[in-house]
Amino acid sequence: MDILMVQSLGRTTLGIVRDTGDFTVFFTRALAALPKTRKLPRRIIRAVYEQGAVCLPVIAIVGVFTGLVLGLQGYHVLSRFGSEGLLGTLVSLSLVREMAPVLAALMLVGQAGSALAAELGIQRNTEQIAALETMGVNSLGYLVAPRLVAALIVFPAQAALFVVVGLWGGSLSGSLLLGVDPGVYWSAVERAVEYRDLRECFSKAATFGLLTTSICAYMGFHADRNSSSAGARAVSASTTRAVVFSSIAVLVADYAISSFFV
Amino acid sequence: MESTPSQEILCVEGLEKKFQAREVLRGVDLRVPRGSISTVLGPSGAGKSVLLKCIAGILEPNAGLVSFEGRPLCDPAARADFRSRCGFLFQSNALFDSLTALENVALPLEQTTRLPAREVRERSLSALRRLDIEEFAEHYPGQLSGGMQKRLALARAIVAQPELVLFDEPTAGLDPLRRNAVFAMIAKYQRRFGFTALVVTHDVPEALAASDRVALLEGGRIAFQGTPAEFSSSTNPTVAMFRDSVQALGESLSAIRSEPLQPA
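Protein sequence lines, in the order shown, are assigned to chains A and B.
If you're matching positions, the first sequence starts at 292 in this note's numbering and goes up one per residue.
If you're matching positions, the second sequence starts at 1303 in this note's numbering and goes up one per residue.
Next comes chain B alone, as it looks inside the complex:
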């Protein structure tokens, strides 16, 4: 079922991005319903992170429109409002390594609000507590494990109580167990804090399990948008190729293994 415009928190229309002669995004259209976990799938190098960075305003698109609650973000006032209501979790976490965990989380509150220092501290500690890392408040990011760093980055992204959180490849470089844990964490905290999550990833099974909406970015365009169930049953050849890539790998490996061994 298509969502109506009033239910959409974020809308991307005809987004294009070029790096010199290389076209990465060629007219991306994407709608993100409020309160959902929406995932953009795609192979490595498809432009998923570029799409997210164009939405966040880190990269300037060459053409197209990004709207937040119906307001185009090319308007500086709308962009400033968007930044105060949007969190971003970077693939690399982008934590300040010279600040403690508590200082990292407190940074957006200290710099963008006029809250008294005591309340900033309380809210930051509360965010760390809810993510089960309060005891590491005085540790530096370098002293934390990969999973804890991810939770710390999420604490920083949500401490200002954003309505939309953008997740850039949150499971990149993680083993399957940790990938599951990260998606479970996103689903858990999305329910607990009530934000809308837009995730870009190439982990199909985890994304299908955790998401309400799925889009497939291929060749610089959105090749599919729908529910995980629609994605799983889609006959769209691009979707089928991406979805069935594991099965295809199994088949090609079986074919290779059935060939006789050549003497060295």
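Just chain A, with the same shape it has in the complex:
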């Protein structure tokens, strides 16, 4: 029994090491394929549209409601200490440092990341990726590399949008509904947010973009490696794994980057 447990633990550990190595090779090859990819700007623009434009309404809605909740909760906590004037500081720093990059990334994983994993999984299943290889087209350069570049544009842009609509949501609940002076709120926002906070926000967003897009692409690209299922089930399983691993990666990377900036 003990030997079986040790064997199982060993197999799992080896599997994790192998998958991590495989993922690293995949990511490096995709980046290395960038200079050789033809019609790259066109493919990047298309990827920016697919990842970014389609997710705009979701990001805006989540951003507004996050700001509304931050304004509401923040006001009631700060009013205990008579510090309602610091509401703008609380909302802006919470949004810029944490909420915007993390929540925007999670929303993008749920919408664009899952779509990417499913699309690549279907392309693998229907031999479209094999067809590219037989034509002499680098499939990583054609399918994955433009999306990685697009993620570096889309994730920070969506985080910025999240901050803007979130601040507006905070102002809505704090000033309009709870009576904090708008001038006090916006001047607190202006005083609180420094260059390093914006750098933290955009560093996080760009890292999350690269990390989650490459995880989703990796899972979809290797949908056929799933030993427990095949066909449509394999695509569904790889999409689920892509969303789960990407979401975990966002939170782990968030802690790592936060500890670097604090």
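Errors might be hidden in some of the hints.
Partial list, computed: chain B residues near chain A (C-beta under 7 Å) [what the hints assert, rightly or not]:
id, residue
1, N1364
2, R1385
3, S1386
4, F1390
5, F1392
6, S1394
7, A1396
8, F1398
9, P1410
10, T1414
11, L1417
12, P1418
Just so you know, the hints here were simulated from the structure itself, not pulled from any lab data.
Glycine included, every Cβ here is placed at the ideal spot set by N, Cα and C.
Assemble chain B onto chain A, guided by the hints.
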């Protein structure tokens, strides 16, 4: 008559492929003469598609050698050269469903050549025209019939003017009329474009009618290689069993029908 090495465009020697413990190819030797239509016959599950995918480089063989014009394809430079001169028509067509017919055909030219966009478009339209589907250039593959999708896949496979085209079960799932049409299409365009065709299929009559050379893959090895006439007259028991399977089915059905009906 055996072809000499200089006439062979493709040569496969001792090719082996295993999937875990299952041996699919056990030392395949195959020679494909230049300018011919060569067909690999075999029952379902014999490893015909695996053989083609090993040749195309989609699967990595466990042992053996594939040479294109005498150059072994284990050399990366030779493999890259092979890919630029070889087309592949997949059993499933493997068309990009989010691209139009024209974009599908233009894809290999756009991504592997430095041709100006205008010439890419002209050459792609010309390929569609020659396959009689130019009017569907702006349609998506999902909007085309099965036969048109097959022609579109062939247009994509030949747009870069390859010297060798690999056909993976081009008639799979088609009715007899469409099977004939597909083989006629292969023969017609092989003559028109002058490429060498390597086809894997299990349709014996159509393959014998359209091919210059026939090979039979059985038990992971090539059991027979020769002309269709040699195949038809071969006394090789494996060939005879495969060739005469329809007749054997007729005989066994006659035997079953001659038995008295049992009350239900």
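Right, here's what the structure says about each hint:
Violation of the interface hint for B:N1364 is found here, the shortest Cβ-Cβ separation to chain A being roughly 19 Å, above the 7 Å cut-off. Taking 7 Å as the C-beta cut-off, the interface hint given for B:R1385 holds, the closest approach to chain A being about 4 Å. Given hint, B:S1386 at the interface with chain A, holds; its Cβ is 5 Å from that chain's nearest Cβ, closer than 7 Å. With its C-beta approaching chain A no nearer than about 4 Å, B:F1390 sits inside the 7 Å limit, and its interface hint holds.
Interface restraint check: B:F1392 against chain A, minimum CB-CB distance 5 Å, threshold 7 Å, status holds. At a threshold of 7 Å, the smallest CB-CB gap from B:S1394 to chain A is about 6 Å, leaving the interface hint in force. Taken as an interface hint, B:A1396 checks out: its beta carbon lies about 4 Å from the nearest beta carbon of chain A, inside 7 Å. Below 7 Å, beta-carbon pairs count as interface contacts, and B:F1398 has one with chain A at about 6 Å; its hint therefore holds.
The interface hint given for B:P1410 holds, since its Cβ lies 4 Å from the closest Cβ of chain A, which is under the 7 Å cut-off. Here the hint on B:T1414 is kept, as its CB sits about 5 Å from the closest CB of chain A, short of 7 Å. Below 7 Å, beta-carbon pairs count as interface contacts, and B:L1417 has none with chain A, the closest being about 10 Å; its hint is therefore violated. With its C-beta approaching chain A no nearer than about 12 Å, B:P1418 sits outside the 7 Å limit, and its interface hint is violated.
In the structure shown, a violation is registered for the earlier hints numbered 1, 11, 12, in ascending order.
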